[in-house]
Amino acid sequence: SQQGEEDPQALSIQEGENATMNCSYKTSINNLQWYRQNSGRGLVHLILIRSNEREKHSGRLRVTLDTSKKSSSLLITASRAADTASYFCATRLGGSEKLVFGKGTKLTVNP
Amino acid sequence: GAVVSQHPSWVICKSGTSVKIECRSLDFQATTMFWYRQFPKQSLMLMATSNEGSKATYEQGVEKDKFLINHASLTLSTLTVTSAHPEDSSFYICSATDRGYGYTFGSGTRLTVV
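Chains R and Z are the protein sequences, given in the same order. If you read the first sequence in my numbering, its first letter stands for residue 4, the second for the next number, and so on. If you read the second sequence in my numbering, its first letter stands for residue -16, the second for the next number, and so on.
Same shape as in the complex, but just chain R (with noise of 0.2 Å):
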């Protein structure tokens, strides 16, 4: 199963502008994690973002949570070329340890 949706799907941009991602997410979350993923590669943890936050940053990314709405972004300033990869937001389920993914973006980031 999986709980969340990314959007857009895929994301081309240039080197220097920013990226902006978007999850969705179903049920009630304990906490947010955004993950990237180089291509055929393992996933890398980038942030993670609690219920009761509603901005993290850190470095070059910056995370909103609005639980009202279940949505999450994720900011990626002045990006570079080596930025292009895949993003998944992932969240927990109940009180279970499962971690369920979204659908990801794949974000190009042209030099």
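Don't read these hints as lab results, they were simulated from the structure. Computed from a predicted model, the values in this text were never measured in an experiment. Fair warning: there could be bad hints in the mix.
Derived pair list, reagent style DSS-like, types lysine-lysine, alpha-carbon separation capped at 25 Å [as the list claims (entries may be wrong)]:
no., chain 1, residue 1, chain 2, residue 2
1, R, K109, Z, K24
2, R, K29, R, K101
3, R, K106, Z, K24
4, R, K72, R, K59
5, Z, K38, R, K101
6, R, K109, R, K72
Assemble the complex: chain R is given as a structure, and chain Z must be docked to it using the hints.
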């Protein structure tokens, strides 16, 4: 930080054979391990959850007799794809968690069945 080692990174096998994928937590004890499957250009789909010393819990639609999971210790979980067929070709990723470390992912295994 927490590291999960997954091997092999890629494997090609003949149809009908079995393939074992290992996932080891190197510097922490993984109370729970998860196995995911990812088809090209798609997201990760959770296959099963395993806890050390107990039977794995499979997600709906995942054949437990085909995807054998063993979590024999707090640092090792294995996924065996039995009697593999071309439709089993996929990218398999493990993840381990210890409450203090969150989730750590292996680097994935690309399985190609010919």
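Proposed proximity, R/K101 with Z/K38 (alpha carbon, max 25 Å): holds (16 Å)
Has the given pair, R/K72 with R/K59, been kept, meaning a C-alpha gap of at most 25 Å? holds (17 Å)
Hint check: R/K106 vs Z/K24, CA-CA at most 25 Å. Holds or violated? At roughly 9 Å apart (the allowed maximum being 25 Å), Z/K24 and R/K106 satisfy the hint.
Restraint check for R/K29 with R/K101, where alpha carbons must lie at most 25 Å apart: holds (15 Å)
Quick one, are R/K109 and R/K72 close enough, alpha carbons at most 25 Å? holds (23 Å)
Below or equal to 25 Å on CA atoms is what counts here, so check R/K109 against Z/K24. With a Cα-Cα distance of about 9 Å, the restraint between R/K109 and Z/K24 holds, given a limit of 25 Å.
Violated hints for the displayed structure: none, as all numbered hints are satisfied.
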